[in-house]
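Number of protein chains: 2
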Amino acid sequence: MAVAELTTPTCTKQGLRSSEVFYLSAGTPSFRRLSFRPLRRTHSSRISCSVNQTAQAPVAVQTKDPKSNKPECFGVFCLTYDLKAEEETKSWKKLINVAVSGAAGMISNHLLFKLASGQVFGPDQPVALKLLGSERSFQALEGVAMELEDSLFPLLREVQIGIDPYEVFQDVEWALLIGAKPRGPGMERAELLDVNGQIFAEQGKALNAVASCNVKVIVVGNPCNTNALICLKNAPNIPAKNFHALTRLDENRAKCQLALKAGVFYDKVSNATIWGNHSTTQVPDFLNARINGLPVKEVITDHKWLEEEFTDKVQKRGGVLIKKWGRSSAASTAVSIADAIKSLVTPTPEGDWFSSGVYTDGNPYGIAEGIVFSVPCRSKGDGDYELVKDVIFDDYLLKRITKTEAELLAERRCVAHLIGGGVAFCDLPEDTMLPGEM
Amino acid sequence: MAVAELTTPTCTKQGLRSSEVFYLSAGTPSFRRLSFRPLRRTHSSRISCSVNQTAQAPVAVQTKDPKSNKPECFGVFCLTYDLKAEEETKSWKKLINVAVSGAAGMISNHLLFKLASGQVFGPDQPVALKLLGSERSFQALEGVAMELEDSLFPLLREVQIGIDPYEVFQDVEWALLIGAKPRGPGMERAELLDVNGQIFAEQGKALNAVASCNVKVIVVGNPCNTNALICLKNAPNIPAKNFHALTRLDENRAKCQLALKAGVFYDKVSNATIWGNHSTTQVPDFLNARINGLPVKEVITDHKWLEEEFTDKVQKRGGVLIKKWGRSSAASTAVSIADAIKSLVTPTPEGDWFSSGVYTDGNPYGIAEGIVFSVPCRSKGDGDYELVKDVIFDDYLLKRITKTEAELLAERRCVAHLIGGGVAFCDLPEDTMLPGEM
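Protein chains in written order, with UniProt numbering: chain D, 1 to 438; chain A, 1 to 438.
Source of the hints: derived by calculation from the structure; they are not laboratory data. Every value quoted in this text rests on a predicted model; they were computed, and no experiment measured them. There may be inaccurate statements among the hints.
Between beta-carbon pairs, the in silico distance windows are [as the list claims (entries may be wrong)]:
hint	chain 1	residue 1	chain 2	residue 2	range
1	D	Glu188	A	Gly381	49 to 59 Å
2	D	Lys93	A	Gly362	38 to 48 Å
3	D	Glu88	A	Gly381	15 to 25 Å
4	D	Ala85	A	Ile392	24 to 34 Å
Yeah, the Cβ is synthetic: ideal placement off N, Cα and C, and Gly gets one too.
Bound conformation, chain D alone:
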């Protein structure tokens, strides 16, 4: 990574990693990645906190200036190491850089510890965590970093905290965009789309400018499909297919409800798809899902329940939970984000698939292009994925897919000003926010 710090890496439309581009073509650097970078910013070179590890002599600890926007290594994570020089870490993979926005929030408070523990990227994958927060939450970010220190995770080799995405996203290979403004009292969905759209436009630009060119992005902050669309449209040098909107919690909930109804344990449910938007127009698919390898409709003969109650059960889960528990479902959301990552870095089991909201250009289903739509995916475990072609449709499923597609097209019109589409025109017919979400 030392080279990347000294020079400005190139992103190509092919999405090569900055290090790959750079080590191959360091002689002819292109500055295309800077095209979205606001001119007012001046970024000094990133501070490297690595020290040669010499236990005999105490080393001065890097202190952080809280007024600075620059992310810096935190506490014990400034006292680092040469992973290749140490006997026990020689077999480890190359350090992976993971950015998390909304890092001081409750979902992150669950997720960060999962990422650091090795259960997401694996037991031989050292991790650097880059925490993005706001000015208001900066002290809380320090608190999170302190708790990560106190947890002594062997694989967690770097923690940086910051409030400027152009600094925090530097060289990241994963960006988990959880932070978003919650809907204020009386705020309409159109207004929320605009407020959060601004954030995701800025973060898209920052990713485009400084992240690894093949960065994988998972958008969690609502409205996540259209936020992901805004983000990818503002990052033209990163492959559009690298952007995901999280619908995995919906998929997990759908599997659980099918298991409950069928009287089986949830591990017997496979091939569950969430189609479309992460909103009340989403379509949990019981036509293609399977239980013990059999079509759901053969196992659950109460088709009235499937058509009239199942979707409602999945969608109202968050609302029921917030009533019972008094808090939103941070823990299971974090689990589903971890699941979404694992689905991309481990091969999908034979015959099965997973749902993710992805860019629709070139999709085989006839869904409108140019939106982010949840569909069934398979991965070889290389971070990439392909769309599953082997699915069936009936009139009932198609009708509902058309409705969620129409909503996403309407949302796109609302944010036209943020995606280079001219003047926005917002005609969202109703509030489709999922209960229990903000």
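Keeping the supplied structure of chain D fixed, place chain A upon it in accordance with the hints.
Same frame as chain D, but now just chain A:
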């Protein structure tokens, strides 16, 4: 476990597991375990929610009567399975039963998902979670159980929720006692000892009556050392050495502070001990701790820092964190509980040890008997442990150990009425609650 449901198992002082006792000597059941069971209670046999797994026909889901004290299987966890009949689970270990009190609290909200994910007990160990809450928190318990459902953890095969420890602790092999009353405004430590002592006396009696005879108990609720003492004294048929007071978060923090000062990564610090009470009299030991295999005092030559600042840094960590983060350190506490369990179920690395608050009878250090005191331990990974004899003392260390020992003896006098020691006499000199804890 079917046999245990039909009959009342025996606990022997040797601490055999109920199933072992039972399958070996089912002909001569003893009722000694019932000696602490209040007569007013009448316990119906436990409801078994297991159904033969037949995916073809939907099975009625067990519904729960919220007014009942009985813990029942929750939601999808009622739709269970024969672990031995399924191809993929045939190689799994026998289901382990884990009770968690304070299950609706924030520490549990982190811990339960770790236990369910397999990262604590291992990837081939199916887990049953038994959540103990209060009448007030019952709905929140349901919320937690719902989030566990939605997480689709393959190893999590049973979840039960309840508010009666005599029901929830049935057959448990691990009891993680996190729940405790927080200190109210103006409440003195003596009063807190009494209020929480009542809870832990009751839970000790319940464990004695219904848990597995070799149950391992980790007490987290404060004041945890004396709560653990109360608990074990009320469970005379469970081996006293099975009871632990959690000092692992203190140990983890001590390692982190030593690493920071020495300018090394925390994985280079070993042999860290917390001696004594989980309070401000606790003694983080820098005499026996090592950095890169060398004595700390050889690596950190600033001995003034070691003697005058190190302990303070460890103890004030929770207070600093609560100021930064606005919340107590639930996530890192949960990590340390997971660490404490893993230290008992995996062999301790050669030459290293871990800290735990354990019963002092027969200890090799000359510490007063009959209290729960944190000391260095090693385990073969069988759930049991032995005390480390190979430690050195100097006057400085001994003086501080004497002080924390005196405090624990004073705390014991405060709770004499709860441990069969006659009339309580409370003369605690000062408030020694750790900053940031309740």
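Hint check results:
no. : hint                              : result
1   : D:Glu188 <-> A:Gly381: 49 to 59 Å : holds, 58 Å
2   : D:Lys93 <-> A:Gly362: 38 to 48 Å  : holds, 47 Å
3   : D:Glu88 <-> A:Gly381: 15 to 25 Å  : holds, 20 Å
4   : D:Ala85 <-> A:Ile392: 24 to 34 Å  : holds, 32 Å
The structure meets every hint from the earlier list without exception.
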